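Construct the complete structure from the given sequences, taking the supplied hints into account.
Letter by letter, the chains look like this.
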Amino acid sequence: MIPALFTHVPVTTVKEASDALKHYGDDAKLIAGGHSLLPLMKLRLATPAVLIDIARISDLRGIREDKDKLVVGALTTHEQIENSPLISKYAPLIGAAAKLVGDPQVRNRGTIGGSVAHGDAASDLSVALFAANASFVATGPKGVRKISAVDFFLGFWTTALNQDDVLTEIHIPFAPTPNWSYQKFTIRSQDWAVVSVAVSESNIILGAMGEIPLRAGKCEEAIASGADLEQAANFADEGTSPSSDIRASADYRRHLAKVLVFDALTEAKQRS
Amino acid sequence: MSLVGAKVLRKEDPSLLTGRGKFVDDFSPPNTAFAQFVMSDQAHANIISIDVSETLKMPGVLGVWTAADFISFPNLPGGMTDFERPVLAHDRVRWAGEPVAIVVAENRYQAADAVPTVLVEYETLDAVTTVEQATSPSAPMLFETRKSNVLTKVPMLDDLEKHFTKSHDRASLRIVNQRCAVVPIETVGCLADWTIDGLTIWATTQAPHHLRNKLASWLDTPQNLCRVIAPDVGGGFGAKIVWYPEFFVAPLLSKWLRRPVKFMQTRSEAMVQMTHGRDQVHEIEVGFEKNGKINALRMVISQNLGAYGDPTGLGLATLTGWMAAGCYKIPHVSTGFRTVVTNTTPVAAYRGAGRPEATFSIERIIDLVALKTNLDPVKVRQINFIQPNEFPYETHNEAVVYDSGDFPQALDECLRLLDYDAVKAQQAKNLADKNAPLIGVGFSCWLEIAGFGPNGSLEGFGHLASWESAQIRIAPDGSATIFIGSSPHGQGHETFVAQIASDELGIPFERISVIHGDTATVLQGIGTMGSRGVPTVGSAVKVASERLMVRAKKIAAHLLEAAEQDIEVKDNAFNVRGTPGKKVSWSDVGLTSFQPLRLPPELQAGTLEERLFHESPNFSYPSGAYACVVEVNRKTGKVKIQKMVVVDDCGTVINPLLAEGQVHGGVAQGIAQALYEQVCYDPFSGQPITANLIDYLIPSAPDLPNYIAGRITTLCPNNPLGAKGIGESGAVGSPPAVVNAVVNALSSFGVEHIDMPVTPEKVWHAMNGRK
Amino acid sequence: MTVVRIKINGVPQQHDVEDRTLLIHYIRENARLTGAHIGCDTSNCGACTVLLNGKAVKSCTVLAVQAQDEEVTTVEGLSGDFNGLSPVQEGFRQQHGLQCGYCTPGMVMASTALLRENPSPNEDDIRHALEGNICRCTGYEMIVNSVRWAAENGGGK
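Chains A, B and C supply the protein sequences, listed in that same order. Residues in the first sequence are numbered from 117 upward in steps of one, following my numbering. Residues in the second sequence are numbered from 106 upward in steps of one, following my numbering. Residues in the third sequence are numbered from 14 upward in steps of one, following my numbering.
Simulated from the structure, these hints should not be mistaken for lab results. Here the structure is a predicted model, which means the values were calculated and not measured. By construction, the Cβ of each residue, glycine as well, lies at the ideal position given by its N, Cα and C atoms. Keep in mind that a hint or two might mislead.
[Stated by the list, open to error] Computed from the model, here is a short list of chain C residues facing chain B with C-beta under 8 Å: (1) MET14; (2) THR15; (3) VAL16; (4) VAL24; (5) PRO25; (6) ALA44; (7) THR86; (8) VAL88; (9) ARG106; (10) GLY114; (11) TYR153; (12) GLU154; (13) TRP162.
[Stated by the list, open to error] Covered stretches of chain B, going by a simulated chain A footprint (3 or more residues, C-beta under 8 Å): (14) 540-547; (15) 864-870.
In structure tokens:
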């Protein structure tokens, strides 16, 4: 219930954040909304000695249009995304995923940047952003770089962000057509996904079917070669490594992946 | 207008709604120190050593205590000889979470830092978590002085076999009633302040006097110097009757440290240290006729007690056996049980305490008989019902005589509210449409034993007695204060007691206060459990009020110079029947009651005080008929409740709002047990796997349905209110309705039974012909 | 340690606390407002729900220092025309939306936040708005009725 002792270092610019990361090194973690980090700290599964608080970096808030994409500040909360007219118009998949994160209180604090940086394969936004071909902009000691979703998720709670990176923006290309869907299976309403699926155009991405959000490659190929939705969905669990836990066995997750892919493809098709 | 039967809004609410409630953790007298247990992280192990050298150096630490510090004190009360639970684990820990040491620090943050620095060296032993494991030939013994993990056993000695063979058919079923965690939203905690004037302890308890009695003797201090206060308590459901170790050690720590000491469990601590519920396995055999009539029923119960036999835990299987035949007239019933210790959290009462287990099994058996005879489950129930003219009904156990009920009427009302034909039509329609969910409908016709209880009943669970107390005191201005031995934790006692008293006394509801929970001000009490509130303390208040009114009317008659028998009370005043205008207010009477010069000669000052220890001649037997309609997703197996009909017979209803609220809450817990909840242990290490609210699935609002509530009324003949109690009914009656509905939905797959919780995956397996 | 200033229910608070101090503990133990409660340690139960700059948050999952110079509203900060109770509080009283009362302050705050954003929620809206708040006593239906009553009698004031 009580985190271990740490020092709180609030910063107001990205540069200050980077400098602080450099100064404190491995002792430090960034905190924004804190809804990935604080629960771990309260159970003492994470014990950073320093928390660099980036929540007041005003540059990192807000959603704006930029030609053919939306630029979403990393500190934008799930609630802001859920209710954003720009998201609704240009990236409705992302809005649909944001709406299903946790519960209203969590959505009021949790940020898009915090959620993807945590690197959880069940993260609704991570799965949806991957499907939407989003890219992630990070500022590090060597400057600014842009990482595509394909290269962003590396392993269990591991992303391409380095210890000294600050995730600043998420770029989401405008959705070309209404061909999208987000499906999430839970046992209880407030739970993390047991399995989730995001479909956007030809992308089919699975959540909670391995250590990172996974592309359902065989499904995508099947669709491309003209298979019907049910046939395509049957390939959903190829190349996945779902875990067994008290909520679901690996076998059941494999089954759910097929069901959800079918439902997602069906919904996306109906929407187009 | 009579308040009894009216939807009176609660006295308790304004304070709770404005954040002015006072729960244990809200009290923080100056200088309060914070205590936290060091818990065993092993399920079964010998303690080799405990090293607190680092701990004593941690900031704010005031001390660390182990079992050695309590060696001159007895074990926790109520346990069975040789199986008693020590206050702190001695040389052996018997479940992961058992307290091993206590750290006290200046505040809870420092305590949290200090606890992990206590280094306990263990010699790991094999752990057992199920009855099956604990009774296998190679099982480790939890208590080496005994050569068995079986604590109590009532063997099966019956001659039912001949009745089974004579029957048209027989069937058997093994049913698991899974372990549940009680999870009141407030955990367990206490604040003890032992000063030179004596001990005061605020505790999250359902039974303050019960705790005071045991605590005083354990501490070897007289009861008059031992004050227990149950302030606002955030839910209990049976788990807060238990004598937890913190209640016993906190006073000592306070005495030794000379400052108030508080314990307050985190939820993770509560998940392993608060007692669990259920965890029974039943082997059932039934013999029945072609028309569904059941001839013989045998039920063998295995109760997992957890690591120590808790006083209420030990009695659960008995209650289950008592209620094994449910609402049905079964000529030959035989029950037996064994209670077994395992390396898991101790098990105690949890809403229903043994009766949900019995009801679940008999209601599943009824449906199995319906399946085997190809009859409508409604018909099988109807043909087996005890009829309304057969009460009092003596059951297979002489302790259990059902007093009143009308099971056919309850079921009829349930069917009416359900619109059974429409449901069956929808079911057929959906079955034919592969894009539609499967529909299932399930019933539960149940009764349960409540209103604990007749003399001797609660004594069997370690209580002082089985009565309940009420004391009414009229103030000089004619307002009333009622002290009740019952100790509520959400049930609304302050409201329903004032309603009953107001009707009898003619004093307005707002001028009646109800006080409970404090052993210094309330007469001896037993506590709130076993759905006994209205039947016991409600009756106590009614009778006490009636007795007090005799003297109040004497005073009024004296003041009005009228005949006693002509006095009636209405609207806070006493009138003379037939002589309007001649009246005297309750204020006048109250004042007079303290004035010898104005009292009638036969009464003395202070006469308007009445106390009563109400004894019940029998238990009461609430009953009901519930029905559940489910939709089962054909692809995922997820179950959604489309309709939940709950018809209750609780006899007289004092306050329909409160009664319905109790049903809703009980049904919610029942549905949660049926579909979501399960305490799990690693079968090899004995480690708890569901020890927080992420993994232990308590549903929130979107996960539960609305409830269609109905009522029938047969009066309880055993108390002056005619009330049966209702607190546990919902939890008793609802799980089988839900599971019967799911099994019904899956009947086309040949499914005969699914154990709770009916998770989507289990349903998926069932639909694919797997277990 | 940091001196943390938070305006709670319009009253400026200032306390020197460890950086790790959770907002729920700042509220309960430093500001001594014990209405908000603690029911879990994994951010599931919502008994600690308060409004932070008008938004419902779980104060057990916010550091006090994260609320530096911000405004918090707790249940003690609600008031209205119903003998001092706000419409939501009165709705819970009218519709028996509480039994033991322990989850209630969190439910009331979450409901108040809902009605401020959505003055006419349907049943589904209400249940989903409260999905982060666990009650063990009521079974939720009477809580939903309470919120509906409040919506019809003044809303999230």
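Structure-based check of all given hints:
no.	hint	in the structure
1	MET14	12 Å, violated
2	THR15	15 Å, violated
3	VAL16	17 Å, violated
4	VAL24	14 Å, violated
5	PRO25	19 Å, violated
6	ALA44	12 Å, violated
7	THR86	11 Å, violated
8	VAL88	4 Å, holds
9	ARG106	5 Å, holds
10	GLY114	3 Å, holds
11	TYR153	4 Å, holds
12	GLU154	5 Å, holds
13	TRP162	12 Å, violated
14	540-547	violated (count 0)
15	864-870	holds (count 4)
Checked against the numbered hints above, the structure violates hints 1, 2, 3, 4, 5, 6, 7, 13, 14; every other hint is satisfied.
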